[in-house]
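Colleague: Take a look at the letters that make up each chain.
Number of protein chains: 2
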Amino acid sequence: MKTRRTKISELLKSEQTNIDVHVKGWVRTKRGNKHVNFIALNDGSTINNIQIVADPNSISEDILKKVTTGASIAVNGKLVESQGSGQSVEVHAETIEILGVADPEKYPLQPKKHSFEFLREIAHLRPRTNTFSAVLRMRHAMSFAVHKFFNEKGFNYMHTPIITGSDAEGAGEMFRVTTLDAKNPPLKEDGSVDYSEDFFEKETNLTVSGQLEGELGALAVGEIYTFGPTFRAENSNTTRHLAEFWMIEPEMAFYDLEDNMDLAEEFLKYLVQYALDNCADDLAFLESRLIDEEKNKPANEKSEMTLTEKLRFVAENDFERVTYTDAIDILRNSKPNKKKKFQYPVEGWGTDLQSEHERYLVEKHFKKPVILTNYPKDIKAFYMRMDDDGKTVSAMDILFPGIGEIVGGSQREERLDILMSRMTEMGIPHEEMDWYLDTRRYGTVPHSGFGLGFERLMIFVTGLGNIRDVIPFPRTPGNAEF
Amino acid sequence: MKTRRTKISELLKSEQTNIDVHVKGWVRTKRGNKHVNFIALNDGSTINNIQIVADPNSISEDILKKVTTGASIAVNGKLVESQGSGQSVEVHAETIEILGVADPEKYPLQPKKHSFEFLREIAHLRPRTNTFSAVLRMRHAMSFAVHKFFNEKGFNYMHTPIITGSDAEGAGEMFRVTTLDAKNPPLKEDGSVDYSEDFFEKETNLTVSGQLEGELGALAVGEIYTFGPTFRAENSNTTRHLAEFWMIEPEMAFYDLEDNMDLAEEFLKYLVQYALDNCADDLAFLESRLIDEEKNKPANEKSEMTLTEKLRFVAENDFERVTYTDAIDILRNSKPNKKKKFQYPVEGWGTDLQSEHERYLVEKHFKKPVILTNYPKDIKAFYMRMDDDGKTVSAMDILFPGIGEIVGGSQREERLDILMSRMTEMGIPHEEMDWYLDTRRYGTVPHSGFGLGFERLMIFVTGLGNIRDVIPFPRTPGNAEF
Numbered sequence: 001m002k003t004r005r006t007k008i009s010e011l012l013k014s015e016q017t018n019i020d021v022h023v024k025g026w027v028r029t030k031r032g033n034k035h036v037n038f039i040a041l042n043d044g045s046t047i048n049n050i051q052i053v054a055d056p057n058s059i060s061e062d063i064l065k066k067v068t069t070g071a072s073i074a075v076n077g078k079l080v081e082s083q084g085s086g087q088s089v090e091v092h093a094e095t096i097e098i099l100g101v102a103d104p105e106k107y108p109l110q111p112k113k114h115s116f117e118f119l120r121e122i123a124h125l126r127p128r129t130n131t132f133s134a135v136l137r138m139r140h141a142m143s144f145a146v147h148k149f150f151n152e153k154g155f156n157y158m159h160t161p162i163i164t165g166s167d168a169e170g171a172g173e174m175f176r177v178t179t180l181d182a183k184n185p186p187l188k189e190d191g192s193v194d195y196s197e198d199f200f201e202k203e204t205n206l207t208v209s210g211q212l213e214g215e216l217g218a219l220a221v222g223e224i225y226t227f228g229p230t231f232r233a234e235n236s237n238t239t240r241h242l243a244e245f246w247m248i249e250p251e252m253a254f255y256d257l258e259d260n261m262d263l264a265e266e267f268l269k270y271l272v273q274y275a276l277d278n279c280a281d282d283l284a285f286l287e288s289r290l291i292d293e294e295k296n297k298p299a300n301e302k303s304e305m306t307l308t309e310k311l312r313f314v315a316e317n318d319f320e321r322v323t324y325t326d327a328i329d330i331l332r333n334s335k336p337n338k339k340k341k342f343q344y345p346v347e348g349w350g351t352d353l354q355s356e357h358e359r360y361l362v363e364k365h366f367k368k369p370v371i372l373t374n375y376p377k378d379i380k381a382f383y384m385r386m387d388d389d390g391k392t393v394s395a396m397d398i399l400f401p402g403i404g405e406i407v408g409g410s411q412r413e414e415r416l417d418i419l420m421s422r423m424t425e426m427g428i429p430h431e432e433m434d435w436y437l438d439t440r441r442y443g444t445v446p447h448s449g450f451g452l453g454f455e456r457l458m459i460f461v462t463g464l465g466n467i468r469d470v471i472p473f474p475r476t477p478g479n480a481e482f
Numbered sequence: 001m002k003t004r005r006t007k008i009s010e011l012l013k014s015e016q017t018n019i020d021v022h023v024k025g026w027v028r029t030k031r032g033n034k035h036v037n038f039i040a041l042n043d044g045s046t047i048n049n050i051q052i053v054a055d056p057n058s059i060s061e062d063i064l065k066k067v068t069t070g071a072s073i074a075v076n077g078k079l080v081e082s083q084g085s086g087q088s089v090e091v092h093a094e095t096i097e098i099l100g101v102a103d104p105e106k107y108p109l110q111p112k113k114h115s116f117e118f119l120r121e122i123a124h125l126r127p128r129t130n131t132f133s134a135v136l137r138m139r140h141a142m143s144f145a146v147h148k149f150f151n152e153k154g155f156n157y158m159h160t161p162i163i164t165g166s167d168a169e170g171a172g173e174m175f176r177v178t179t180l181d182a183k184n185p186p187l188k189e190d191g192s193v194d195y196s197e198d199f200f201e202k203e204t205n206l207t208v209s210g211q212l213e214g215e216l217g218a219l220a221v222g223e224i225y226t227f228g229p230t231f232r233a234e235n236s237n238t239t240r241h242l243a244e245f246w247m248i249e250p251e252m253a254f255y256d257l258e259d260n261m262d263l264a265e266e267f268l269k270y271l272v273q274y275a276l277d278n279c280a281d282d283l284a285f286l287e288s289r290l291i292d293e294e295k296n297k298p299a300n301e302k303s304e305m306t307l308t309e310k311l312r313f314v315a316e317n318d319f320e321r322v323t324y325t326d327a328i329d330i331l332r333n334s335k336p337n338k339k340k341k342f343q344y345p346v347e348g349w350g351t352d353l354q355s356e357h358e359r360y361l362v363e364k365h366f367k368k369p370v371i372l373t374n375y376p377k378d379i380k381a382f383y384m385r386m387d388d389d390g391k392t393v394s395a396m397d398i399l400f401p402g403i404g405e406i407v408g409g410s411q412r413e414e415r416l417d418i419l420m421s422r423m424t425e426m427g428i429p430h431e432e433m434d435w436y437l438d439t440r441r442y443g444t445v446p447h448s449g450f451g452l453g454f455e456r457l458m459i460f461v462t463g464l465g466n467i468r469d470v471i472p473f474p475r476t477p478g479n480a481e482f
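Chains as they are written, first to last, in full-length UniProt numbering: chain A, 1 to 482; chain B, 1 to 482.
Bound conformation, chain A alone (with noise of 0.2 Å):
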């Protein structure tokens, strides 16, 4: 008969105590003396330690020795009420069982302070932090919260293609999918690749959006959702880029923009309160390494909020609607326009706002989350449904504090005329997509979506800077490792 080992976040919340329990874990670190040892063990169900009190007596010397920083053991032992602050149990060790030595050495993460930097070149080991570990965890509970949202709405989760033969989309540059010979492959007559003999038979790329197919679905059975994988080629190397990124793109039949803007509320605000409610422990963690890593930067760059006053307030308050022309009045009146402080002075209607203007709007002006709406049609993409004034679309982007853009979206057009002639005058050939005019020909109706990136998300809820830090393995220019 095996002994069950109990989960670490089991036991920190039993009930009972004085009875045998059977744990299993990592070594985060060892202290003590002659008399006794204290080992602070780690299984990663949750972010906190249980203290393992070992007495050399009853425990061998040749054992204890190999009880290092990293180290795996599994122990039998009772579980007491803990004498010591910080915690309220503890087990008191009857047997230790090394299952894997970590070389003090050589072992990587000794208990001290890594530089986000060295962790990324150690992200096969990183997850076995405090950080990276509280990341993993709250990454697996806003991804089931997108989930349970949606399912709770009557939305159906639908896998759109990674591998695409469409280059239409025109969302940024893509990674080609082949088999062809690297160095050798086919030529057409005219000395052109011959795509014919690929493996696809035809040039494909990965997805930049599962958008467009995400509709087919919502004019089909209503409303669905994507959660996938989404790639840029961009030699982008910022805190807020990655070549690989995971999105989420509702589709919803009979939206309409102002359909589109509430559930996008709601879903953001379901999202932030599922965190506060259920990552408790990593959000204190998180909050306090936050506190500690902006300790000796200057008052005025300091966060006006602790992480969780943040999400509180995302949660309790309703984000503010304003047109994109409104917002262009408000910038052009603003201080900083009119001392000329913006890198990028705002003058006239039309011109797509940069990062610094989101910011003033957000966090100066409205000092809330902000949803954009109606912006001038030249600085948008071709299936935005046109507004009545002919000058602006349908859109809607919402801005978030210390983020920017974190979703956007819009109603899409479904007039067949009104589609193919903006899609003329943006030189989309109609051929190309003619399964989806198809869905503008055939039972048109009026719907919207939009997209959150996963990881803006991710960085919002954390607290963390730099979106490498935010995915397990982050793809950038120049990086593909593991």
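Be a bit skeptical, because a hint or two may be false.
Which copy? The list can't say, so a pair holds if one copy fits it or any two copies do.
Here are the computed lysine-lysine pairs in the DSSO-like style, where the Cα-Cα straight-line distance is at most 27 Å [to be verified]:
no.	residue 1	residue 2
1	K112	K34
2	K112	K66
3	K2	K391
4	K269	K148
Derived by calculation from the structure, the hints in this document are not laboratory data.
On the provided structure of chain A, position chain B as indicated by the hints.
Modeller: Just chain B now, with coordinates in the frame of chain A:
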């Protein structure tokens, strides 16, 4: 004030009648005469239609003319108890608005039987059919059940990388991901392609499995699972292979082979039970579809059980656990082997089982799902744990009736020295997998995991015969449409 639409799934469950309702959807059929029209309306929220009763005296002929199969309409009316059979409620239309027409001369989905081959060519429209909307809804239900199961068990969903620089997994042919010029790639002095000029500064491919990265997570936080797209560039044109498919791969620290089997069996039963509990209407439709399809087959080719009987059978019966060695004995002494009915006769110990052998074990001998364990090491991957006999590894494959292998897994080799000598034996360079070996150098623990091909599961729960019909946009050799 906007009138909110009510979904048809809710209308059909409504306990109130004689209330004003607003319903939108796509016309499936219209029949009737000059006194009354019956419109079967579907909005994708359920496989069932609601009947709209339209009186030509109150709805203009001009409108009714446009109410054709595939057209989208908005109806205001009264929900009343139905006089006819087959439905409990219907809507008596007061107004009908045409949202989008569907020219009966051109719309491809007329109310008649279409072949699955034809529907694959119009995969952008096929979710508007009963069968494919049922599959889409069930794909959602099964996906959600996956997340719910693991969330309840304290597993963490982990996004392992899609683009990988690691090519040691050896699970199959890979797709190259590149931004190099396809025709004139940069070359090194020795004439080979200079991948240091590629986006990631090395050769990169699409992942064939997230397992190895998943292990990194499990060896930090205990229990993780992946659920993401995986890729095989294999030229297989069969009813069971896709170039792009979704896999679920849990990895668990502190699990041995038996724990692994227990989890996999519990998981599969949970998924099947979830389908029975949550997809009754879609299952009923798919079951009758299957009966209809098999109507003209000879008796010995017909399914012995209906679709729901088959699901109930799996949910309620223990899987048979048998070692490879015992299975070989059973097969060697089996009637088809003695009568030379197998295409591949079973003789010695050590060769891999063919699908005909798996089917015999599952469908004829045990007549239930089978877990085959402890395969010869030479036919399994390097990371599977060596058994004490030095001949077999702690692998386990789960075989399902009609599907064959649905799950493949193993206890992982946690002993550094044995793992390294297995890698040497199999020609896998240690340097390339140094990050993987680190997990065995530092705090190694016994651990296990398995992979479930999501589309194989979908074939099982829907009763469809071709894997191309259980994913929205199948990718196969020569096919990457939409």
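Colleague: Failing hints, ascending?
Modeller: none
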